[in-house]
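> What follows is the residue order along each chain.
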Amino acid sequence: MFTSKMLKLFLCAAAGLLFAGGAYAQSCEPGKVAQKYPSLAGKVIKIGVDPESPPYVFRDSKDFNTLIGADADMARAVFTCAGLKTEFFSGGWSGLLPALNAGQIDVMWDLLYYTPERAKQTSFATYMQAGTGGLVQVGNPKKIDDIEKLCGMTVAAGVGTTEETMARAQAAKCTAEGKPEVTVMTFPDIASGARLIASHRADAMMYDLALVDGLAKQNPQLYMRGFKVLSGMKIGVGIKKGNTDLIAVVSDGLKVMQANQTQKKIFEKYGVDPTLEAPTTLLTQ
Amino acid sequence: MLKKKHYCWLAVLALFAVQSVFAAEPVATPVLDGFKELVGYVGSPFLIGGAWVAVKITLMAMSIGLVLGLGLALMRLSRFKAVSSAAWGYIWFVRGTPQLLQLVFIFDALPLIGVRFDEITTAVIGFALNEAAFSAELFRAGIVSVNRSQSTAAAALGMGPFLTLRRIILPQSMRSVVPGLANDTIGMLKLTSIASVIFVNELTFRSQQVVGQNFKFFTVFGAAAVIYLCLTSAISLVQIWLERIFDHESERRIRFSPLGLRVWQREATPADLPPVETAVADPVVETNDHAWIRTLLPQETRPARADGLPFVACKNVWKSYGEREILRGVDLAVDHGEVVVILGPSGSGKSTLLKLINHLEPLDWGSIKVDSQYVGYREGPGGVLRPVHNLARARAQARVGMVFQHFNLFSHLSALENIMEAQRQVYSVAPAQAEALGRALLKSVGLAAHADFLPHRLSGGQQQRVAIARALAIKPKLMLFDEPTSALDPELVGEVLGVMRGLADAGMTMIVVTHEIRFARDVADRVVFMDGGEVIEQGTPQQVIDNPSHERTRKFLNVVAH
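Taken in sequence, the protein lines are chains A and B.
Each residue of the first sequence is one higher than the one before, starting from 359 at the first, in our numbering.
Each residue of the second sequence is one higher than the one before, starting from 762 at the first, in our numbering.
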């Protein structure tokens, strides 16, 4: 306990030094939290995540008690920059938004897609655009190198996800064009989706691009990426509406991380395509 | 038969087998590696920590839930409609709504009204509220499964409702409640995973996270399954242990051996317990054994009283159940030391009259005094009788012993414990003293060797003798016998009547409802004939039995005698 705290403190200090040396050193002012964000001084920010979503948030294989990933590292960097302490709250994905609205957590930082519907209750600070990858069996035996080639295939998508919507839209398109029909299978978690491909129950699995790339990289004997689609969807941090100081912290911090290349470095570290980075935008409706 | 302790290893082997079937290559090495990896995950502090979270929530939620559940069960059984409806409404709602939504509601909706719980507290509250609803029905089933005669007997001994529940009803109902509770516990342990939606990181959620990171679902989920199996096996062991404790019908012992837990079912053998058959043939009661009974009778009331008032005075007693009138203005006076036998056809109200005398049932009109005192009534304004608040204490103070047709021995207690129960729990007699009296009473009814027998191992006649000893243990001033030999085989009637005869000789005041005409003739000071809720005639046995003056008496005696 003591040592892990020490380690965290050390990491925070190291990160702070790193940012202080950056080109926009004047923006990271961890000492001025009381002046800049008075309502947050001394507060520990509760970050809600579902640590089942590599490469964004997942358990460190060396120490399962540590959360790592592109989103986890970004969150730490942003709040350290503002001089705030953080604590991760890990729960099932579907419980994260309700907990955010109830104030049980302060931010949700876990591959959260912006939609106008969600923005009715939650403010968004977006920092990247979504990319969708099509995971196929190694060697791509069915030659699926484009979403248009899905006609006649069996496609797996996470239940209730944007990818499921995309898959169903493509299915409708195939039918409209008089091509063979698409069979859509849904799965509850990514691991079971990947199993569908490994066991040849589905021909392609559509999921977040970085995750698909990560899977293909980790299991080259099983998978590869067949195609990618940039949907134009935005991914952001969810913050409870009306919490102006916290919205400012996240928004300011993200701008700094993008300016000083921290986001790019973190994305590269976890195999997320750095070109997916998008300028920080505050979306409140 | 499989030993519980070996289930874990079986599970590991089973997973090992599954692994070998599904492995990509039919080579032993990856299988062995997978097996090693699985064992490694079983020992992972991260997963074990998750299991501890699940255990912690289950232990706390079960403890709270069982207390609430018992309360709800009692509310459900309440005769007050509002109370039972409230409990029913709670159970209906909690059982009928998804637990996941309840958890999310407690965690995410209550903060809106300023009530904020952390995730573990929320889980404990959510699971406890659920367990309360489910266990309430289990408890209720257990309580209603215990024969009503058990609580009647306890009430006659002056035991209050909560004492009866704790000492008599619950121990007997636990036998049917425990398997259901074990099911609930195991179910809850596994179901804690749904609390991942409110940030509880227990075993399943943690293993999902590990799989999300490394995609090794076989080994990680296999390890989680092994941990769950070990925990649920432990719960099953506790279940076995509890079932042995609450199984009052067989002489079972749990023994620990190097091979693990072994349950021995041991039938009582003649070597350590005297067989029932020879016990029946025991010399019943030596005539000179009656002397001690005098020592039981309260000294101060023994001399005939100067005021000339009867010891038991029933005046104009009316009682009906619904529309049916059972007693229609009964007057009956019993003197101190008198033995009164009540005869009459079934339905004539004899048994009901006995139950009114010690206030097991409330009377509708009239009054009954025992030793110049009301039992559980006080006079209100205008001489109207009102039941007192603490009826059990009033019964205990009245010291009226009662013997039932079906013995009503507490079936989970040995003969000696049956006799000691009221002394210890109601009259706070010291254990050694209560035991000494208990053994003396057993000896006097000819059952000294049967002190440790549970009722079901005794013959009917022996059970009734224990019941008489139990009633005597409260040092009664008055003994009521409600058809004490009607449920006995003919050859066993004699031993019970012998004990009663001894009591009468010792000067005990007794009211006996019976069909034993010979006993009435030999022992009774007075015979009362009742029919249709009224006293038809009364007098000495010679008058009533040999020269009845009423037609109804004659008819009845003709039927009974032949």
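The reader is advised that the hints may include incorrect statements.
Some chain B residues judged to face chain A by a derived CB distance under 8 Å, without partners named [what the hints assert, rightly or not]: (1) T858; (2) L862; (3) I867; (4) I874; (5) G875; (6) V876; (7) I959.
Heads up, simulated PhoX-like pairs for lysine-lysine below, C-alpha to C-alpha not over 20 Å straight-line [to be verified]: (8) K478(A) / K598(A); (9) K420(A) / K797(B); (10) K977(B) / K1116(B); (11) K977(B) / K797(B); (12) K1116(B) / K420(A); (13) K404(A) / K575(A); (14) K598(A) / K531(A); (15) K401(A) / K575(A); (16) K977(B) / K575(A).
These are computed hints drawn from the structure, not numbers from a lab.
Here a beta-carbon is modelled for each residue, glycine too, at the ideal position from N, C-alpha and C.
> Each hint needs a verdict: does it hold in this structure or not?
Tested hints:
| no. | hint | verdict |
| --- | --- | --- |
| 1 | T858 | violated, 16 Å |
| 2 | L862 | violated, 11 Å |
| 3 | I867 | violated, 10 Å |
| 4 | I874 | violated, 11 Å |
| 5 | G875 | violated, 11 Å |
| 6 | V876 | violated, 11 Å |
| 7 | I959 | holds, 6 Å |
| 8 | K478(A) / K598(A) | holds, 10 Å |
| 9 | K420(A) / K797(B) | holds, 17 Å |
| 10 | K977(B) / K1116(B) | violated, 72 Å |
| 11 | K977(B) / K797(B) | holds, 13 Å |
| 12 | K1116(B) / K420(A) | violated, 76 Å |
| 13 | K404(A) / K575(A) | violated, 32 Å |
| 14 | K598(A) / K531(A) | violated, 38 Å |
| 15 | K401(A) / K575(A) | violated, 39 Å |
| 16 | K977(B) / K575(A) | holds, 15 Å |
When held up to the earlier numbered hints, the structure conflicts with 1, 2, 3, 4, 5, 6, 10, 12, 13, 14, 15 and fits the remainder.
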